[in-house]
Amino acid sequence: MPVKEKIIEKIFFLIALSSITILALITFFIFEEGLPLILKIGPKAFLLGERWIPSKGSFGIFPMIASSFWVTFGALLLGIPLGLACTIFLAELIPPSIGILLRPAIQLLAAIPSVIYGFWGLIVLVPLIQNYLGGPGLSILAGSLVLSFMILPTIITISEDSLKSLPPSYKAGALALGATHWQTIWRVLIPAARSGIVASIILGMGRAIGETMAMIMILGNAVKMPTSFLDSARTLTTNIGIEMGYASGDHRQALFATGIVLFFIIMGLNTLAIFLSRRSVH
Amino acid sequence: MTESHLAVKMETRGLHFYYGSNHALKNINIVIKERQITALIGPSGCGKSTFLRTLNRLNELIPHTRIEGAVILDGEDIYQPGTDVVSLRQRVGMVFQRPNPFPKSIFENVAFGPKVLGLGTKREIEEKVEQSLKAAALWPEVSDRLHSNALSLTLGQQQRLCIARVLAVQPEVILMDEPCSALDPLATLKIEELMQDLKKNYTIVIVTHNMQQAARTSNWTGFFHLGEVLEYGPTETIFTHPKDPQTENYITGRYG
Chain W
3 MPVKEKIIEK IFFLIALSSI TILALITFFI FEEGLPLILK IGPKAFLLGE
53 RWIPSKGSFG IFPMIASSFW VTFGALLLGI PLGLACTIFL AELIPPSIGI
103 LLRPAIQLLA AIPSVIYGFW GLIVLVPLIQ NYLGGPGLSI LAGSLVLSFM
153 ILPTIITISE DSLKSLPPSY KAGALALGAT HWQTIWRVLI PAARSGIVAS
203 IILGMGRAIG ETMAMIMILG NAVKMPTSFL DSARTLTTNI GIEMGYASGD
253 HRQALFATGI VLFFIIMGLN TLAIFLSRRS VH
Chain D
3 MTESHLAVKM ETRGLHFYYG SNHALKNINI VIKERQITAL IGPSGCGKST
53 FLRTLNRLNE LIPHTRIEGA VILDGEDIYQ PGTDVVSLRQ RVGMVFQRPN
103 PFPKSIFENV AFGPKVLGLG TKREIEEKVE QSLKAAALWP EVSDRLHSNA
153 LSLTLGQQQR LCIARVLAVQ PEVILMDEPC SALDPLATLK IEELMQDLKK
203 NYTIVIVTHN MQQAARTSNW TGFFHLGEVL EYGPTETIFT HPKDPQTENY
253 ITGRYG
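Taken in order, these protein sequences are the chains called W and D. All residue numbers for the first sequence refer to the numbering used here, where the first residue is 3 and numbers rise by one. All residue numbers for the second sequence refer to the numbering used here, where the first residue is 3 and numbers rise by one.
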């Protein structure tokens, strides 16, 4: 191989390597900053402690882990049925000409900055919840509602892809046996695309757990164990977002340690999604 | 010949079919006799498969298509408004060119039709699955692994599974669109033997590229060319005394 080609190849290799290097550096950095505190107060006190009072040296993040899961669970409860209904509608029920208009609209949902979602939640949803359901309005319910819209593009785009990549012969085969269109969708196409759909939900879940800005604006940020969907709450991400500006010493380290927990949760979800979508390739 | 006295199962009258502006079928008039095997032959792109799919209205899945004329099944035009397409497709089953089992277990593939049609209890469906697999000559090979994935079968087995799946919904007519083109010679032979068995109870229409297959298996043969039927009649006559010179060229392999 000529020398010039070899040099070009090396340059591209280095560029490709840099993205992995950046990931490794970020990982190393949050571990380096956060791990000492976890070791100092003990993983159990950190993960399961219910009191977060930085000024007194109490760093228990259990309420935030719980809140993150409550908000995410609520978002999935609304987002999965909505997302799947949209997917089925787009992939199977509407004429292609309308799909051409609808699909970019759904993708545009992903392009709206999360601060706008937060703003909309704050001025529309929060007063509605306060007036009709009671409580502070700034609540897990408001957060879940906003997140359920934010994860729609992820769920719809990926599950529609997995439905569309099925061989057309599945559909033809089912219809030729006298199945109705709906039976074909529900009993053949959805089960056949199941792994892709599950992967889309898990990726949506990762997006919901990681969302910060919109949640700071509408969750109310109270550090306490959630007991109802109308409670205010603080998630792992919002904890970091709110306090990083002024934290120092152990407090600062505790926020990095919160980041480590998030890191593991999101890594776990992504690995699961990759594993599931690989399995779908026969 | 006694064949001309056989009952008519299906018939097309002045059938035209269009893909957009492409006139794919031109004035097709064919009579399909009950409990006989009718073979459709002709060069690629001549409209055989399109014609087959007009018989169970599966062509409607393709957008921008149009049909004219009539397709009669037991005296009724299947294209008249108000026809129940779902029940039509149950009566006129189809086996595809490439085996297309669902990514489910062998059992679930055969049980799918009876289940969606609501044919019987769990026990009755289990019996139906066994009967259908036996009728498709697949039972001895799969009886001990009904719950393994259908995609783990060989292509030949998958195709017989697809035939079992069609038999399970108790059709009257079975359309076969080049059912052996993806199979090896042994698997092909098995399907051909199976067709002779099935002929006792079902009306079969088969599209094939294989002249020997048409000659071996069918009672009636139609030769399609550029969207028209150039010749149609008893298989023996078509293969021994073709009237049309193009038919003769095609079946003797000089053209195709």
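By construction, these hints were calculated from the structure, which means they are not laboratory data. Heads up, a few of these hints could be off.
[Claimed, not checked] Calculated lysine-lysine pairs in the BS3-like style (CA-CA distance at most 27 Å, straight line):
hint, chain 1, residue 1, chain 2, residue 2
1, W, Lys173, D, Lys106
2, D, Lys35, D, Lys201
3, D, Lys106, D, Lys202
4, D, Lys202, D, Lys245
5, W, Lys58, W, Lys46
6, D, Lys136, D, Lys124
7, D, Lys192, D, Lys35
8, D, Lys35, W, Lys166
9, D, Lys106, D, Lys192
10, D, Lys202, D, Lys35
11, D, Lys124, W, Lys166
12, W, Lys173, D, Lys136
13, W, Lys173, D, Lys117
14, W, Lys46, W, Lys166
15, D, Lys245, W, Lys173
[What the hints assert, rightly or not] Simulated coverage check for chain W against chain D, where a stretch passes if three residues somewhere in it have a Cβ under 8 Å from a Cβ of chain D:
hint, segment
16, 16-26
17, 242-255
Don't be surprised by glycine CBs; every beta carbon is placed ideally from N, CA and C.
Outcome of the hint check:
no. : hint                : in the structure
1   : W:Lys173 / D:Lys106 : holds (14 Å)
2   : D:Lys35 / D:Lys201  : holds (11 Å)
3   : D:Lys106 / D:Lys202 : violated (30 Å)
4   : D:Lys202 / D:Lys245 : violated (30 Å)
5   : W:Lys58 / W:Lys46   : holds (18 Å)
6   : D:Lys136 / D:Lys124 : holds (18 Å)
7   : D:Lys192 / D:Lys35  : holds (24 Å)
8   : D:Lys35 / W:Lys166  : violated (39 Å)
9   : D:Lys106 / D:Lys192 : holds (24 Å)
10  : D:Lys202 / D:Lys35  : holds (13 Å)
11  : D:Lys124 / W:Lys166 : violated (32 Å)
12  : W:Lys173 / D:Lys136 : holds (26 Å)
13  : W:Lys173 / D:Lys117 : holds (16 Å)
14  : W:Lys46 / W:Lys166  : violated (46 Å)
15  : D:Lys245 / W:Lys173 : violated (41 Å)
16  : 16-26               : violated (count 0)
17  : 242-255             : violated (count 0)
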